[in-house]
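**Student:** Given next are the chains, with one letter for each unit.
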Amino acid sequence: MAHSARRDSPELPDFSLLKRLARDQLIYLLEQLPGKKDLFIDADLMSPLDRIANVSTLKQHEVDKLYKVEYKPIVSTSDQLCFLIRPRIQTVKWICDVANADKAAGRFRRYKIIFTPQKFYACEAVLEEQGIFGDVTTDEWAFYLLPLDDDIISLELPEFFRDNFLAGDQRWVRTAGSALHLLHTVYGPFSKIHGIGRFSKMAYESWREQVEEGETKARQAEIGKVFLIDRDVDYVTPLCSQVVYEGLVDDIFRIKCGCVEFGTDVTSSDKRVKVMLNSQDKVFDEIRNEHFSNVFGFLSQKAKNLQTAYDKRRGMDIQQIKTFVSEELKGLKQEHRLLSLHIGASESMMKKKTKQDFQELLKTEHSLLEGFEIRECITFIEEHINRQVSMIESLRLLCLLSITENGLLPKDYRSLKAQYLQSYGVDHLLTFANLKQSGLLVEQQPGETLTVMESKVGKLVNDKAAGKLTDAFSSLAKKSHFRALSKKLNLVPKSDEEYDLRVPRDMAYIFSGAYVPLSCKLVEQVLERDGWTGLEEVTRLLNGHEFSVTGSSGGESRAKNDAQRIVLVMFLGGCTFSEISALRFLGRERGYKFIVVTTAITNSSRFIETLLDNHA
Amino acid sequence: MMKSKPDEEDYWNSSKFKAFTFDDEDDEFSRLKESKQAVNSIRGLVEEDDDEDDVEKVSWSGEPVGSISWSVRETAASNHRTDREPAFPKINTETPPLSRSHSGYSLSSLFKGKTKGGNFQSITDTLSDSSVRLYAPELRKPKSEYKDYVSDWSPEETVHRMKQGKSVSLEKFRSLQDKLLLLDFSVAAHDGNVITAVLIYLKRTLSKEVLFRELESRQTALRHFIHYLTETRDQKLLLELLRALGRTEDMVLLQYKEHLSIADENKRRDFLKSCLSLPFPADDSAHVQDHYTLLERQIIIEATDGQAERGGKVEMFHKFPRRASIVNMPLITTLYYCCFYHYEEPEGSFSSPLNIRHTFRISEKQFFVTALAARAKLKAWSDVDALFTCRNWLGFTRKRSPVTFSRVVDILQKNSAPTQVLQDYVALVDDVTLRISLAQKLKCHDIIINTYRDLKDRQLLLGYRGKVEIGSAEERKIIELLDNQVRSSSSSSSSSSCDFLFLLQQIRWKN
Chain A
1 MAHSARRDSP ELPDFSLLKR LARDQLIYLL EQLPGKKDLF IDADLMSPLD RIANVSTLKQ
61 HEVDKLYKVE YKPIVSTSDQ LCFLIRPRIQ TVKWICDVAN ADKAAGRFRR YKIIFTPQKF
121 YACEAVLEEQ GIFGDVTTDE WAFYLLPLDD DIISLELPEF FRDNFLAGDQ RWVRTAGSAL
181 HLLHTVYGPF SKIHGIGRFS KMAYESWREQ VEEGETKARQ AEIGKVFLID RDVDYVTPLC
241 SQVVYEGLVD DIFRIKCGCV EFGTDVTSSD KRVKVMLNSQ DKVFDEIRNE HFSNVFGFLS
301 QKAKNLQTAY DKRRGMDIQQ IKTFVSEELK GLKQEHRLLS LHIGASESMM KKKTKQDFQE
361 LLKTEHSLLE GFEIRECITF IEEHINRQVS MIESLRLLCL LSITENGLLP KDYRSLKAQY
421 LQSYGVDHLL TFANLKQSGL LVEQQPGETL TVMESKVGKL VNDKAAGKLT DAFSSLAKKS
481 HFRALSKKLN LVPKSDEEYD LRVPRDMAYI FSGAYVPLSC KLVEQVLERD GWTGLEEVTR
541 LLNGHEFSVT GSSGGESRAK NDAQRIVLVM FLGGCTFSEI SALRFLGRER GYKFIVVTTA
601 ITNSSRFIET LLDNHA
Chain B
1 MMKSKPDEED YWNSSKFKAF TFDDEDDEFS RLKESKQAVN SIRGLVEEDD DEDDVEKVSW
61 SGEPVGSISW SVRETAASNH RTDREPAFPK INTETPPLSR SHSGYSLSSL FKGKTKGGNF
121 QSITDTLSDS SVRLYAPELR KPKSEYKDYV SDWSPEETVH RMKQGKSVSL EKFRSLQDKL
181 LLLDFSVAAH DGNVITAVLI YLKRTLSKEV LFRELESRQT ALRHFIHYLT ETRDQKLLLE
241 LLRALGRTED MVLLQYKEHL SIADENKRRD FLKSCLSLPF PADDSAHVQD HYTLLERQII
301 IEATDGQAER GGKVEMFHKF PRRASIVNMP LITTLYYCCF YHYEEPEGSF SSPLNIRHTF
361 RISEKQFFVT ALAARAKLKA WSDVDALFTC RNWLGFTRKR SPVTFSRVVD ILQKNSAPTQ
421 VLQDYVALVD DVTLRISLAQ KLKCHDIIIN TYRDLKDRQL LLGYRGKVEI GSAEERKIIE
481 LLDNQVRSSS SSSSSSSCDF LFLLQQIRWK N
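Taken in sequence, the protein lines are chains A and B.
Under UniProt numbering, think of the first position of the first sequence as 1, with each following residue one higher.
Under UniProt numbering, think of the first position of the second sequence as 1, with each following residue one higher.
Any given hint could turn out to be false.
Straight-line Cα separation of at most 30 Å, DSSO-like style, residue types lysine-lysine; simulated pairs [unchecked claim]: (1) A:LYS119 x B:LYS172; (2) A:LYS363 x B:LYS399; (3) A:LYS363 x B:LYS267; (4) B:LYS377 x A:LYS353; (5) A:LYS93 x B:LYS257; (6) B:LYS267 x A:LYS93; (7) B:LYS365 x A:LYS411; (8) A:LYS256 x A:LYS103; (9) B:LYS510 x A:LYS353; (10) B:LYS377 x A:LYS355; (11) A:LYS353 x B:LYS414; (12) A:LYS351 x B:LYS172; (13) A:LYS352 x A:LYS274; (14) A:LYS72 x B:LYS399; (15) B:LYS236 x A:LYS72; (16) B:LYS203 x A:LYS103; (17) A:LYS351 x B:LYS510; (18) A:LYS353 x B:LYS203; (19) B:LYS273 x B:LYS313; (20) B:LYS441 x A:LYS363; (21) A:LYS351 x A:LYS256; (22) A:LYS274 x A:LYS363; (23) B:LYS477 x B:LYS467; (24) A:LYS363 x A:LYS304; (25) A:LYS93 x B:LYS172; (26) A:LYS411 x A:LYS19.
Residues from chain A that keep clear of chain B, each with C-beta distances beyond 12 Å, as calculated [unchecked claim]: (27) TYR67; (28) ALA104; (29) VAL126; (30) ARG198; (31) MET202; (32) ASP265; (33) PHE298; (34) GLN301; (35) GLU393; (36) LEU421; (37) ARG505; (38) GLU528.
Honestly, the hints are just simulated from the structure, not real lab data.
C-beta atoms are modelled at their ideal positions from N, C-alpha and C, and glycine is treated no differently.
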């Protein structure tokens, strides 16, 4: 909507090139296996593949039938099988089973595995162990980056989060480095890189090595600055309910690879529709970053305008009607379709949210963020659990409580855990173990009370409080100092002030004015200071690992060019649509353009789901 | 600096792997690239002595350098360092301190070995008679090209090549020291793929005892190994590892987790029973006990109820057919089920809600909420009412609830209770604003009218008149109340015959 945008915002680079690169490489790989072949695709690669190629592209390169990898015996009659998969041990084992079954049946076929974005030694080890090594050719499809929109690029690796932050497996570090390297090669050279977090540092190092190994062509930079951030630097933001339109749509309908499926309640017909949600959708583009409370008003205004435009045709003569039909009608119809879709979606979301006492839920979240009436919040969460409302939602609130309060009191922890297991199954003992290991839901250790006090006043008496638990027993958990951080960075605006959501004054608008997302606040502060100077206390509370580096080639001479105001923010472990909206807001305010690169788009449900462990 | 120095002690090793054929799949292009780098690195080669000085420098971040991890990375990187200034500086990524205590070699020898190049003799060396000639071929020939013909990679070179996805052979790393160097360099390189590859090799070539012992002091490698074993579902080895490390809590959880892959409920129950003896922490032990008891009971209930349902004699099952088996459901779902189908049963019965409540120590609030929902679903309003009833010492009944009445209303409403039932509970909501808003939402006109009356707010009452149907009982009531104002001001005599009138006469409108 009408934001007071700075007019001089630079243009974004064209990322469709990345799609072309990926497509060309895939075609090349398919051609390495000449002749007709059946293609098996990992389920979670299907949507990304859809975004860069279509069935006819594959058919043109002699792909006969397409199958989804389902871990079952196959029915293909083709003599050549090609598998397009993520490098996962389970999938490779299945391929070995397929090949071994063929061998046992005396059937000869050619097999090719294309790993994307790269292969892992562990997968090849499986081929070797199963006696298939040599019978199968392997290749790598360096499909690192999928542009989801003009300013969003995803690695489509949701497992990055669990592998890194729960299991402590660094297999994707080089992948992240390579993705950055690709962007650097095509849109660089970068002149300045800031970052925070252990994996950000590692990804930076990996990228730097790859730059040194490769050749650098001198070219005009399109992206000047880079900010890398680990998801565990800010767990609070992805745990909050989203109230900005795009985030809310993701929370409720789940946007998958930039596409959402609306049910019959939205379309008010008996058909479900799949819709691409990006800047091409002009209606969506105008409301995606808006607080939900503004969306209705906007849409109805839009509907009125549309009506007026339609009405124009009354009193037209034949010639005018002809022009109207050929020039305007199509656009109007398109707009009409989009408008009714988003009105339908808004209504449906409204209904769903009223049904589940959204207001009360938000109130609890805001109280937790503010550190106010914590007892009432605990009672709310308890009742939520008692009534078996939602397994995921209950866990989300428990995590939010733990992170903001720096752990639960042992008494509360025990009681809430017991009630949770009663309501949702004892199997979740395993989930609780995961949450503990990742530091998302922990019990306050005896003797920590003082530390909590310290962190509340935002002062650290000694380094103990800022110390990582990282080195302790295989846990990657670290202490959260949310209260102190919130105070230092002014993340929670004073609640007595009126906040006009139609005219946002800061990034807090994405959470109804109740909270400025920590991740985006860090980006703002570091860009403002061009480094971490003056943020020493903050980085200490964040357990360190911050860095700011300048490339020797990126001197002052380049600083004036537009590229320096194009900032790439890379989230290692996922980011939410709310964060993207917040950065877009920041960009408009400060004359930056942000490009968000993320290992995956996440939200509170996906975030919690990756940590569940109640299934075999 | 990568030239090899003949080392008597390592001779057997180098002659050993001489026979090994190195299969390099690299294409021309990558060789070209390597050559280029190698050419660039010649200067570094000549100036190798400077490397020692590098360690004294302070890193860009101002952090003191010279830590073990810093040096390892420094040397690891030095073999591909180019003579130009790096475009971007190196940063001190966190590396767990490399513990040498178990490795049996000193730090100084480690670094000496590294900066002076690999410990192994190359084929060229063995072929040429004199070690004096050693420098010449290397300076003439880009070293990496030359390296392609001999499988003579040092641990750090090997790790470096693995990072780039080039083929290597690990077979020659046979001493424990070499294996651990390989592991430590892979950890220092932060590439999980390489770390796991090295671990797979170590798993194959080291005894469990030795491997476990070495992993204990290498947390990053250990995490990778645990994850690898989890992914390959090598449960047996994983359990052994956790046991060896004394990580009892992880071990018992892993064992407990196995029940998820047992589909047959009787087998699952028996498995859970066997879990009871595992050394769980006290709290979890109680949870697992509950899990077992619950499943055992669910199996019995399911058998009995299934039979009853098929027999067709029990009306409840006829009227409300069971939608799914109760087996493997959470405790509260089971309680709900029992409140639904077995509410009246005496406490001695396995399926009695009261029995379940006591066996599993369910809190009053939890029990109440569940029973309320179940009885409301059945529209058994008298049961609902009875849940709240408690007598005080005078024998009067009053309604009491462990959860707020607004929550009660919410539960009832979600179970589609009719307005007559709802309003009884809406009326009990203490907070006036909340009561009004609930009543408005649920269209409990009486409550709103009564509340406005109690507030003596004539204006609100007047306003509400417009919201009720014309000619309805509610409208009549509002009219009566409003009319009463006139009467009440004229007559102050009490009419004891009618409570309602008596009340009316008390109204002193505040507006």
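**Student:** Given the proposed pairing of B:LYS267 with A:LYS93, does the C-alpha separation stay at or below 30 Å?
**Tutor:** Satisfied, since the Cα-Cα distance of roughly 27 Å is no more than 30 Å.
**Student:** B:LYS441 and A:LYS363 were given as a pair; does the straight-line alpha-carbon distance stay at or below 30 Å?
**Tutor:** Holds. B:LYS441 to A:LYS363 sits at ~20 Å (cutoff 30 Å).
**Student:** Hint check: A:LYS93 vs B:LYS257, CA-CA at most 30 Å. Holds or violated?
**Tutor:** With Cα atoms ~22 Å apart, A:LYS93 and B:LYS257 stay inside 30 Å; holds.
**Student:** Over 12 Å to the closest beta carbon of chain B is the bar; see if A:TYR67 clears it.
**Tutor:** 24 Å, holds
**Student:** Sort out whether B:LYS414 lies within 30 Å of A:LYS353, counting only the CA atoms.
**Tutor:** Measuring from Cα to Cα gives roughly 14 Å; hence the hint holds.
**Student:** When you check the alpha-carbon spacing of B:LYS203 and A:LYS103, does it fall within 30 Å?
**Tutor:** Status holds; Cα separation ~29 Å.
**Student:** Is A:LYS363 within 30 Å of B:LYS267, Cα to Cα?
**Tutor:** 46 Å, violated
**Student:** Under the criterion that the straight-line Cα-Cα distance not exceed 30 Å, is the pair B:LYS236, A:LYS72 satisfied?
**Tutor:** 25 Å, holds
**Student:** Given the hinted pair A:LYS351 and B:LYS172, is their alpha-carbon gap at most 30 Å?
**Tutor:** Distance of about 67 Å is beyond 30 Å: violated.
**Student:** For A:ARG198, which was marked as not at the interface, is the minimum beta-carbon distance to chain B over 12 Å?
**Tutor:** The claim breaks: A:ARG198 does not keep its Cβ more than 12 Å from every Cβ of chain B (closest is about 6 Å).
**Student:** Taking the closest pair, is the beta carbon of A:GLN301 still more than 12 Å from chain B?
**Tutor:** Holds, since 29 Å exceeds 12 Å.
**Student:** Take the C-alpha atoms of A:LYS411 and A:LYS19, compute the straight-line distance between them, and say whether it is at most 30 Å.
**Tutor:** Between A:LYS411 and A:LYS19 the Cα gap is close to 53 Å, so the pair fails against 30 Å, i.e. violated.
Hint compliance for this structure: hints 3, 8, 9, 12, 14, 17, 18, 19, 22, 24, 26, 29, 30, 31, 36 are not met, and every other hint is.
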